[in-house]
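**Q** Each chain is listed here by its residues.
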Amino acid sequence: QQPVQSPQAVILREGEDAVINCSSSKALYSVHWYRQKHGEAPVFLMILLKGGEQKGHEKISASFNEKKQQSSLYLTASQLSYSGTYFCGTERYGTYKYIFGTGTRLKVLA
Amino acid sequence: SQTIHQWPATLVQPVGSPLSLECTVEGTSNPNLYWYRQAAGRGLQLLFYSVGIGQISSEVPQNLSASRPQDRQFILSSKKLLLSDSGFYLCAWRRMTQAKNIQYFGAGTRLSVL
Chain D
2 QQPVQSPQAV
12 ILREGEDAVI
22 NCSSSKALYS
32 VHWYRQKHGE
42 APVFLMILLK
52 GGEQKGHEKI
62 SASFNEKKQQ
72 SSLYLTASQL
82 SYSGTYFCGT
92 ERYGTYKYIF
102 GTGTRLKVLA
Chain S
57 SQTIHQWPAT
67 LVQPVGSPLS
77 LECTVEGTSN
87 PNLYWYRQAA
97 GRGLQLLFYS
107 VGIGQISSEV
117 PQNLSASRPQ
127 DRQFILSSKK
137 LLLSDSGFYL
147 CAWRRMTQAK
157 NIQYFGAGTR
167 LSVL
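First to last, the protein sequences are chains D and S.
Everything in the first sequence is counted per this note's numbering, starting at 2 for the first residue and increasing by one.
Everything in the second sequence is counted per this note's numbering, starting at 57 for the first residue and increasing by one.
In short, the hints are calculated from the structure, not lab data.
We put the beta carbon where it would ideally sit given N, CA and C, even for glycine.
Heads up, a few of these hints could be off.
[To be verified] No farther apart than 25 Å at their CA atoms in a straight line, the calculated lysine to aspartate or glutamate pairs in the DMTMM-like style are these:
| id | chain 1 | residue 1 | chain 2 | residue 2 |
| --- | --- | --- | --- | --- |
| 1 | D | K98 | S | E115 |
| 2 | D | K98 | S | D127 |
| 3 | D | K98 | S | D141 |
| 4 | D | K98 | S | E82 |
| 5 | S | K135 | S | E115 |
| 6 | D | K98 | S | E78 |
| 7 | S | K135 | S | E78 |
[Unchecked claim] Over 12 Å on every C-beta distance to chain S, these chain D residues come out as not near it, computed from the model:
| id | residue |
| --- | --- |
| 8 | E17 |
| 9 | A19 |
| 10 | S24 |
| 11 | S73 |
| 12 | Y83 |
Can you build the whole structure from these sequences, using the hints too?
**A** Here you go:
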């Protein structure tokens with residue numbers, strides 16, 4: 002029931018790119034992406050509402066395929082500050098139940 | 057502006073003791089409220105959510121309970137803590153207006169049950 006994220010963990014060098022995927026078995030109304038630093042609360046990155054919608058935030062962008070119930074987060078030219086655990090957050094149609102994906106640990110090395 | 061307060065920040069409790077964590081939201085009305093737990097190195101597990109005063113949906117019944125006595129107050133409780141209750145507890149709120157249903161988190165409570 003919990004959305005599955007892939008990969009579980011990834012290590013990058015500064016300047017490299019990464020893609021994080023989020024896949025749900027249930028129909029989704031929206032997908033949100035969050036980043037959590039160690040010992041801190043998750044911080045909102047972006048929201049995707051429509052099928053096929055893409056949004057960007059600096060060098061981080063995302064897409065949402067409503068038909069496939071999948072979302073992807075794209076990190077380009079990664080920076081040290083991108084390190085953390087990324088979660089997709091999802092809400093199912095007709096409910097207020099809000100759950101998070103399994104998480105992806107990202108570490109960017111200098 | 058809206059703010060969410062969660063306390064205490066850190067708590068060490070013996071097994072079998074009671075628990076009460078409180079969360080309050082300021083600057084908004086009728087928010088959806090959520091409690092999550094995160095075990096060390098793990099993901100975010102939804103425990104309870106509420107869409108209004110006195111309305112609680114439970115995802116993990118176990119030995120935890122939640123209450124919403126006021127519109128912007130959400131309380132997580134336990135009568136007897138277990139070792140497995142240790143973790144990082146996060147309260148969150150969402151404003152269910154069109155296209156603005158972002159979820160905002162409190163700073164969290166780190167609970168150690170010994």
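**Q** Would you mind marking each hint as holding or not holding in the structure?
**A** Evaluation of the provided hints:
Proximity of K98(D) to E115(S) is assessed by CA-CA distance (about 9 Å); at most 25 Å being required, the pair is judged to hold. Distance check on the hinted pair: K98(D) and D127(S) sit about 18 Å apart at the alpha-carbon level, within 25 Å; holds. Distance hint between K98(D) and D141(S) is fulfilled; the C-alpha atoms sit about 22 Å from each other, no more than 25 Å. About 22 Å separates the Cα atoms of K98(D) and E82(S), which keeps this hinted pair within 25 Å; it holds.
A C-alpha spacing of about 18 Å is found between K135(S) and E115(S), which places the hinted pair at or below 25 Å, so the restraint holds. For the suggested pair K98(D) and E78(S), the alpha carbons sit about 21 Å apart, so the restraint of at most 25 Å is met. With a CA separation close to 15 Å, the supplied pair K135(S) and E78(S) stays within the 25 Å bound. The Cβ of E17(D) sits about 24 Å from the closest Cβ of chain S, beyond the 12 Å cut-off, so the non-interface label holds.
Here A19(D) stays apart from chain S, with its beta-carbon at least about 19 Å from theirs, past the 12 Å limit. Look at S24(D): its CB is around 15 Å from the nearest CB on chain S, clear of 12 Å, so calling it non-interface holds up. With a closest Cβ-Cβ approach of about 18 Å to chain S, S73(D) is found to remain outside the 12 Å limit, as its non-interface label requires. Every CB of chain S lies more than 12 Å from the CB of Y83(D), the least distance being 19 Å, so the non-interface label holds.
Against the hints set out earlier in the document, no violation occurs for any number.
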